[in-house]
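Starting from the known structure of chain A, fit chain B onto it as the hints suggest.
There are 2 protein chains.
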Amino acid sequence: MKSVEEARLYCFSPGDFLTGRDPVEMVAAQIRGGADLIQLREKNMPKRGALELGLAIRNLTTQEGIPFIVNDDLDLALILEADGVHLGQDDIPIKYARPLLKDKIIGISTHSLSQAREAIDSGADYIGLGPVFQTKTKTKADPVVGIDLILKVQELSPVPVIPIGGIGESNIGLLVNRGIKRAAVISDIFSSKDIEAKTRALKEKLRGA
Amino acid sequence: MKSVEEARLYCFSPGDFLTGRDPVEMVAAQIRGGADLIQLREKNMPKRGALELGLAIRNLTTQEGIPFIVNDDLDLALILEADGVHLGQDDIPIKYARPLLKDKIIGISTHSLSQAREAIDSGADYIGLGPVFQTKTKTKADPVVGIDLILKVQELSPVPVIPIGGIGESNIGLLVNRGIKRAAVISDIFSSKDIEAKTRALKEKLRGA
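Chains A and B are the protein sequences, given in the same order.
Mapping the first sequence onto the numbering used here, position 60 (from 1) lands on 60, and the numbers just tick up by one.
Mapping the second sequence onto the numbering used here, position 69 (from 1) lands on 1069, and the numbers just tick up by one.
Extracted from the complex, chain A is given alone in its bound form:
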């Protein structure tokens, strides 16, 4: 299986971007297009539905040999035998999560230098950092962190730093030009009619870093 260190393009389940499409096919299209990791992120779905979708995505990611991460819910991560969880600043703190998850991957969302430092010190296996740009995915988004902070945190971090928030085909070059080789993309992929082609285009650009 690919490691988080190897992951360049970090992708997601569709969440509220589903709009009548098949969520499993939407994930499969991202994998065909070069997604290196899939996170189950279904904040508005009841847990029974998220579990069912998670089982299907778990099968897909296992077949493809890429990491499968579950947002927020340690219980779903354990039941789905996910490779790890992703925790936000309002979620269960890592000190309580680690004993349940043992050597699984724990990623932490961070939105500032101090949050990034704290996450790294607490033993995160990777951190998300953003929003890099203005984002439409979150209704209450944190202030934009900008590319300079991504570079600064990358320098001090022993674990992968994944820029997230407002990144799409039109602006990912701004990251690549600064040597940043990772990105998490939600809205730009799911707003596309051809998810596979959009994912492939983003991945190609990241390969230029």
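Keep in mind that the hints were calculated from the coordinates and are not lab data.
There's no promise every hint is true.
Mimicking EDC-like on lysine to aspartate or glutamate, the simulated pairs with C-alpha atoms at most 20 Å apart in a straight line are [claimed, not checked]:
1. B:K1095 / A:E81
2. B:K1095 / A:E52
3. B:K1102 / A:E81
4. A:K203 / A:E169
5. B:K1136 / B:D1188
6. B:K1043 / A:D90
7. A:K95 / B:E1081
8. A:K102 / B:E1081
9. A:K43 / B:D1090
10. A:K102 / A:D121
Relative to chain A, chain B alone:
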């Protein structure tokens, strides 16, 4: 510790009924008034906050020797070393929950005879059944089940049946008069200015069954 079988009055953390009060004191008042069990039920609170409140309630219930149950979240139940979880029809199915929770209590919310039978057959340690009366706690409530169905399910169930939904001081006598000795109460307790006195009054009435 009291068992679920011994529990007559099933009580809750305040959830959206908090209205500026101290949630731990609201739980303590219910315990002083005779609550036999406390469920952490904070559907709109981020998990970090629910974990903190849960730690305080876990301490209280341990001191008082009454069961502490966590709504929905198996991960919080494990971290808080709760006595069990309570799962709704949209939550993680019991067949996935049981391996994580082992011999902890699993309660299931049911809203019909067929749901009650299914929950019992799947190994629930108790079932909630309701709404018995019209309720203000849930925005999208299931149809009222009525007292006759409570009696019918009690007869066939080897595990405790806990009537819930719209039960308060003004109508709990309708249950007691039919020999029903258990009830879960949310709104009527938290709408009261004196939570301890209200809880005591409800418990007194249940003792008459």
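Going down the list of hints, with the structure as the test:
1. B:K1095 / A:E81: Within the cut-off at roughly 15 Å; holds.
2. B:K1095 / A:E52: holds, 13 Å
3. B:K1102 / A:E81: holds, 17 Å
4. A:K203 / A:E169: The given pair, whose Cα atoms are some 10 Å apart, holds under the 20 Å limit.
5. B:K1136 / B:D1188: holds, 10 Å
6. B:K1043 / A:D90: holds, 14 Å
7. A:K95 / B:E1081: holds, 15 Å
8. A:K102 / B:E1081: holds, 17 Å
9. A:K43 / B:D1090: holds, 14 Å
10. A:K102 / A:D121: Roughly 17 Å separates the two Cα atoms, so the pair holds.
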